[in-house]
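In order, the protein sequence lines correspond to chains A and B.
Take the first sequence: its letters are residues 114 to 316, numbered as in the numbering used here.
Take the second sequence: its letters are residues 14 to 235, numbered as in the numbering used here.
Worth flagging that the hints you see were computed from the coordinates, not collected in a lab.
Owing to the predicted nature of the structure, the values given are computational and were not obtained by experimental measurement.
From the three backbone atoms N, C-alpha and C, an ideal C-beta is built for every residue, glycine too.
Don't take every hint at face value.
Pairwise CB distance ranges, derived in the manner of DEER restraints [stated by the list, open to error]:
1) A:T138 <-> B:E31: 15 to 21 Å
2) B:N194 <-> A:A264: 31 to 37 Å
3) B:E233 <-> A:E120: 36 to 42 Å
4) A:Q159 <-> B:N194: 32 to 38 Å
Each chain, written out:
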Amino acid sequence: MPHDHAEPHSLLPSDPELRSRALETILVQKGLVDPDALNALIDTYQNEIGPQNGARVVARAWVDPEYKKRLLQDATAAIAELGFMGRQGEHMVAVENTPDQHNMVVCTLCSCYPWPVLGIPPAWYKSDAYRSRAVREPRAVLAEFGVELLASQKVHVWDSTAEVRYLVLPMRPEGSQGMGEAALAALVSRNAMIGTALAEAAT
Amino acid sequence: MSRIHDMGGRYGDGEIPEKDDAVVFHHNWHARALACTLAAGAHGAWNIDSSRHARERLTPRDYASFTYYEKWMAALANLLVERGLVSADELAGAAKAAPLSANALRAADVPAAMRTVTPYRRAEGPAPRFVIRDKVRTCAYNPNPVKGGHTRLPAYAMGRIGTVVLCHGNHVLPDSNAHGNGPAPEPLYTIAFTAQALWHQDAENAADVVTLDLWQSYLEPA
């Protein structure tokens, strides 16, 4: 049973940096955590796993209609085709932006996010402001991000309350005809795959 | 009743910060706190749901005043003591050196561990009651029989009528798993609600849609 008043964490220093150091020291001293593993974890999410992965998925879907079909049918398998899988991406769903529907993703209860394709969520995604407002006033939130919707577009907000993780497939921008997959991937921002930006070709 | 983390729809939070931020870790301690949490999880002393619940049951005052990774550290410290991995005295600074545990995550195993897929879908569980396009009504209260218990039905979507749009098969039920009561898998659905159904006169655009992933026991036919 949860103990709402027993709070062992208050035994640690209150300054967050000292708190982090104290916690890590205890874990390492107790043999619970290997400091080399901590460095490897940080390196993984700093350098290996990030929105560049998701951008490759989107670019592939833009150039390969058969891949796009598979992505919309079974995103977990289609994303794994490109080698992206793992923690916080166990059950993926891709949602396609169209002239009729603009999608955006939030986790109102915490900060659920598709790590294998987007990495660690940015601070804004985890902010109280985004979590509270995205479901009630998504259009005001999108305007704050500078997203201009088409008059024909409904807004569809996906609140990821389970272990299903959502990836927004943005519309391929005007002016990107004839571009190769790598150049297309460079047009796909992290925010575009959360739904708080559009993919845009340089003008 | 729900807890402070359940903030969907709340008024008063203001502008969204740092919208173009591309930095993964703003401070070294953010990275260390994340890594400690992931590495400590390798001991299997808690699951993803009990770990989420550990953050949610911080006092409202701590939850509101802590930054993101401070919540993670506080929850980790509480879990370490509650599950007996670390004593309160040790947390206060009296830890004795011990050899690296056989269960500890090794650096060489990190790439594989982060790529490992541990699905939450299960073959077992009750038969689905609903199919796509069915109308359902959500529970009007926290569906968890544990008082103050963990649930994935946010307050803003309680007692609302929506439509089934996706069926995901049986998934581990966090309401049970968070409290060590087993995975208790049951059918998981994505349910679409109109802004009108959720927010009534506060709806920004009545026909816009919010979907939530909800378990069968949260739902009844409507």
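Distance restraint evaluation - E233 of chain B, E120 of chain A, Cβ atoms, bounds 36 to 42 Å: holds, 38 Å
Distance restraint evaluation - T138 of chain A, E31 of chain B, Cβ atoms, bounds 15 to 21 Å: violated, 30 Å
Outcome of range test on Cβ distance (Q159 of chain A, N194 of chain B; 32 to 38 Å): holds, 37 Å
Hint check for A264 of chain A and N194 of chain B - Cβ pair distance inside 31 to 37 Å: violated, 49 Å
Consistency with the previously given hints fails for numbers 1 and 2, ordered from lowest to highest.
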